[in-house]
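Student: Full structure from sequences and hints, please.
Below, each chain spelled out in residue letters.
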Amino acid sequence: MRSSRGLKAVGRNVLRKDGVEKVSGAARYIDDLSFPNLLHARTIRSTIPSGHVVDIQYHGDTTGFTIVDHRDVPGRNIVALIDDDQPCLAERTIRHFAEPIVLLAHENRERLNAVDVQIAYREATPNFDPAASKTSFKTIAIEKGSLDEGFAAADVVVEGEYRAGHQEQLYIEPNGAIAVPAGGGITLYGSMQCPYYVHRALKVLLGLPDHKVRVIQTETGGGFGGKEEYPSMIAGHAALLALKAGRPVKLVYDRVEDMVATTKRHPAVIHHRTGVTRDGRLTAIDIDALFDGGAYATLSAVVLSRGLIHASGPYRCDHVRIRGRAVMTNTPPNGAFRGFGAPQTQLAAEIHMDRIAGQLGLDPVRVREINALRPGDTTATGQRLGDCSALQVLRAAVERSAFKRRRRALAGTNRGIGLALFFHGSGFTGGGEVALASKASLALTGRGARIFVASTEIGQGTRTMHAQIVADTLGVPYDCVEVNAADTGEVPNSGPTVASRTCMVVGRILQRCAEEMRERLGTLTPGEYLRTHGPLVITKQYEKSSAIAWDDHSYRGDAYGSYGWACDVVEVEVDPDTWQVKPTAFTTVHEIGKAIHPMLASGQIEGGSAQGIGYALFEEVVMRDGRMANCQLTNYIVPTTLDTPAIDVVMLENPYKHGPFGAKGVGEMPIDGPAPAIINALRHMGIDLREIPATPEKIMAASAERTGSGITKSRSARRYTKPSSKTLHALREKP
Amino acid sequence: MAQVSMTVNGKVRKRNVDPRVLLVHFLREELRLTGTHIGCDTSQCGACTVLIDGRSAKSCTIFAVQADGSAITTIEGLAPDGQLHPLQEGFWEEHGLQCGYCTPGMIMAAVTLLQDNPKPSEREIREGISGNFCRCTGYQHIVNAIQYAANKR
Chain G
1 MRSSRGLKAV GRNVLRKDGV EKVSGAARYI DDLSFPNLLH ARTIRSTIPS GHVVDIQYHG
61 DTTGFTIVDH RDVPGRNIVA LIDDDQPCLA ERTIRHFAEP IVLLAHENRE RLNAVDVQIA
121 YREATPNFDP AASKTSFKTI AIEKGSLDEG FAAADVVVEG EYRAGHQEQL YIEPNGAIAV
181 PAGGGITLYG SMQCPYYVHR ALKVLLGLPD HKVRVIQTET GGGFGGKEEY PSMIAGHAAL
241 LALKAGRPVK LVYDRVEDMV ATTKRHPAVI HHRTGVTRDG RLTAIDIDAL FDGGAYATLS
301 AVVLSRGLIH ASGPYRCDHV RIRGRAVMTN TPPNGAFRGF GAPQTQLAAE IHMDRIAGQL
361 GLDPVRVREI NALRPGDTTA TGQRLGDCSA LQVLRAAVER SAFKRRRRAL AGTNRGIGLA
421 LFFHGSGFTG GGEVALASKA SLALTGRGAR IFVASTEIGQ GTRTMHAQIV ADTLGVPYDC
481 VEVNAADTGE VPNSGPTVAS RTCMVVGRIL QRCAEEMRER LGTLTPGEYL RTHGPLVITK
541 QYEKSSAIAW DDHSYRGDAY GSYGWACDVV EVEVDPDTWQ VKPTAFTTVH EIGKAIHPML
601 ASGQIEGGSA QGIGYALFEE VVMRDGRMAN CQLTNYIVPT TLDTPAIDVV MLENPYKHGP
661 FGAKGVGEMP IDGPAPAIIN ALRHMGIDLR EIPATPEKIM AASAERTGSG ITKSRSARRY
721 TKPSSKTLHA LREKP
Chain C
1001 MAQVSMTVNG KVRKRNVDPR VLLVHFLREE LRLTGTHIGC DTSQCGACTV LIDGRSAKSC
1061 TIFAVQADGS AITTIEGLAP DGQLHPLQEG FWEEHGLQCG YCTPGMIMAA VTLLQDNPKP
1121 SEREIREGIS GNFCRCTGYQ HIVNAIQYAA NKR
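Chains G and C, in that order, give the protein sequences.
Sequence positions in the first sequence follow the working numbering and run 1 to 735.
Sequence positions in the second sequence follow the working numbering and run 1001 to 1153.
Please note that the accuracy of each hint is not assured.
As the list claims (entries may be wrong) - Covered by chain C, per the in silico footprint, the following chain G stretches (three or more residues, Cβ under 8 Å):
| no. | stretch |
| --- | --- |
| 1 | 250-257 |
| 2 | 459-473 |
| 3 | 615-625 |
Unchecked claim - Distance ranges between label pairs, derived from CB positions:
| no. | chain 1 | residue 1 | chain 2 | residue 2 | range |
| --- | --- | --- | --- | --- | --- |
| 4 | C | D1081 | G | G475 | 29 to 39 Å |
| 5 | C | S1005 | G | L642 | 35 to 45 Å |
| 6 | C | N1117 | G | D61 | 48 to 58 Å |
| 7 | G | P696 | C | T1007 | 44 to 54 Å |
| 8 | G | Q632 | C | E1127 | 15 to 25 Å |
| 9 | G | A435 | C | A1071 | 53 to 63 Å |
| 10 | G | A437 | C | D1116 | 50 to 60 Å |
| 11 | G | T578 | C | D1068 | 41 to 51 Å |
| 12 | G | T578 | C | N1117 | 27 to 37 Å |
| 13 | C | N1117 | G | A437 | 48 to 58 Å |
| 14 | C | K1011 | G | G475 | 30 to 40 Å |
| 15 | G | A120 | C | N1117 | 56 to 66 Å |
Keep in mind that the hints were calculated from the coordinates and are not lab data.
Every residue gets a Cβ at the ideal spot worked out from N, C-alpha and C, and that includes glycine.
Tutor: Have a look at this one:
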């Protein structure tokens, strides 16, 4: 029925639902809200990375203050997530700098900030080195075939170690929440991705039943994973104060607090050892990955899981072993960030692939063409791929960017061109979607329908895209579909807004709601149906496709329902005096099933690519004694308009049969590719870098090593000279 | 306390303020004009950009008392008759926004850009808004949105 009707909304660039409010200043973010008798709040945090609290002293006038510490927690003092190891307020033990210990609230912010809280500690020796950590949050091994057999078939073995640093999500709206006491319970407003995560965390923390906790997402100024788990902490703090004070409490972080205290992307060290035949075929892949989880488990186990599943890249190989650990260190906990482990591991895989090509004397495209996954191949977890567009995106990107011609043209200059081929699984890993059992509801209205999902609009276009899917499935105009606020008092649990699942998974559940609604309507218009039969609400739950099988113990099977495929080509220019790298051209080809809204989808790709450029080049989190030293936008550098080239986006469509109108996920994949493509562009210039961010200091050092002089070169030598093949060879041989 | 008087979105506003109150806090808290956002506290991000006497400026860089006697335009004052300003229309039509948090500041910066240079090139647009951060879009659609507005005038 759908196809015969033709699509009026899907595939078109309809106006976004939240557009007018956002361009006119009417959209209300958390700090824009106020309540009568509102108190402001402040979090007192540890100033040491490891030790114990011995004493707490308050200096200044605290009359009229609400003060909360761990003894005020009515339920369990944890931030409920996976491992339940993180206290909402530290009791005695301190595991990281900026760990919350005491909360203060007062109606007057001047007075609130005037109080000095002195905490005495007994310090312990911190560990900041993941390799020296004695605590593993998670260990995973993926095995396929036999490494012995694979290496026996190899002509050449290529080995290397690759490193990625932290990355801050840097949503422009800092985190914040307002807790309002209501009937013995709490109503919580906040900037967040996952209202039901916050809902569960508050129930556990406060010891309240379901109906006493209500969580309402306010307009959210970006998330990128940074508002996946940490809002549960902030919500808990605001709620504890509000319950004790009996008044609404606002807790909004400033930028420094947000950067110092909240989660970041996991730093990782990834070791590759690869067997390859002389003609370029991969025979064995052995990968070891170490992820720095920071002080508490948060989501490290699942970040590691996604990272490892993507670690061998979009390549075929019969003999694979991928092992990894996420470990504890005394730094603030790392957590979700767009890509969720895959950017780190695919950075390593794609730099390594260029090094393999270099050792074999093959060009980077050829070595990828030989090894790219094809339909019918199996992944590292043994998932047999029906569809697979790795070769298509590679060839399209190479052609579109004139890669081979540009590679020749730029040789020997201070410019280089590099590429990265990558993939990204949509939805929760393995059995995750079955466990989530997400629900979505659709209510018939006089004009059309109203969507009830917990999926949040954080900029990516959730409301718009869901409304398009419902409009075309139900056969009503896009404007006749409304989207309810993500309010746990009104919407069912659709799972978290993460993992590139909001379109493919929740969108598909909504589509099934709309299909049934369409059947129930028959020949009646929505208005006629309501007058004749009364209200109609349809709720559906996630249904696993029977084809998907996963074994969590052996880590074998269908890790994801589907994968997106992409290839980035980036040209860079290196300033010969400052060693600053400037991306000058950027081509990206993404296969995402079906673009429900092409401009929103390309917006995801452009935005993710820009974040990837920052990850590659500028965004360095400087940790000093376990504390982020550059916790301001003055010295944590994110890309501006002048650091970001025009991004040429090509979207290929290869519909996924279990996605709405064929759609797969798109949100995360774009950040997997830019960093390796940029590092490979530097390699094209003879700069052997295996670490990001590729700051000028690191590039200068790598170049100095190359020339062996310790000093880069005379200022008069403006033009970059290509090293001799002999020095290049020596460079490549370094482990 | 110091008395300040300024014309905000066409209306004269008089208040007694602490001399150290920033203009952005005055607008948001005294006047409840919350369309002007705060993103960084260190004058990098540009989310708080408004027009001061017709020129775009980051409202966290000056005190309210320094704006005494000035005419301020915030995002709420850009479309006084309810009809969207061409830039607002451009940001909506061309998907120059995602989360929307940087959008008001970005639009206000673009007002001055187009005043000075009604037909800017892509390069000139990128330079004109380089003091405003966006973490969602990668800027491409923002550039398109400003071009849309330039072409409409």
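Student: Honestly, do T578/G and N1117/C meet the 27 to 37 Å range at C-beta?
Tutor: At roughly 29 Å between Cβ atoms, N1117/C and T578/G fall inside 27 to 37 Å, so the hint holds.
Student: Given the hint of 35 to 45 Å, is the C-beta distance from S1005/C to L642/G inside that range or not?
Tutor: At 38 Å between Cβs, range holds.
Student: Does 48 to 58 Å hold as the CB distance between N1117/C and A437/G, or does it fail?
Tutor: The hint (48 to 58 Å, Cβ to Cβ) holds, given that N1117/C and A437/G are roughly 55 Å apart.
Student: Verify the coverage statement for the stretch 459-473 of chain G against chain C, using a C-beta to C-beta distance below 8 Å and requiring 3 or more qualifying residues.
Tutor: holds (count 3)
Student: Quick check on a hinted range of 56 to 66 Å for A120/G and N1117/C, using CB atoms only.
Tutor: holds (59 Å)
Student: Does the Cβ-Cβ separation between A435/G and A1071/C fall within 53 to 63 Å?
Tutor: holds (58 Å)
Student: Are there three or more residues in the stretch 615-625 of chain G whose C-beta lies within less than 8 Å of some C-beta in chain C?
Tutor: violated (count 0)
Student: Range first: 50 to 60 Å. Now tell me if the beta carbons of A437/G and D1116/C are that far apart.
Tutor: For A437/G and D1116/C the Cβ distance comes to about 56 Å; the hint holds.
Student: So does T578/G sit 41 to 51 Å from D1068/C, Cβ to Cβ?
Tutor: holds (43 Å)
Student: How does the Cβ-Cβ distance of P696/G and T1007/C compare with 44 to 54 Å: does it lie in that range?
Tutor: With Cβ atoms ~47 Å apart, the hint holds.
Student: Tell me if chain C covers the stretch 250-257 of chain G under the three-residue, 8 Å CB rule, please?
Tutor: Three-residue rule met by the stretch 250-257 of chain G, so holds; n is 3.
Student: Is it true that the C-beta distance of K1011/C to G475/G lies inside 30 to 40 Å, as the hint says?
Tutor: violated (47 Å)
Hints 3, 14 from the earlier list are contradicted by this structure; the remaining hints agree with it.
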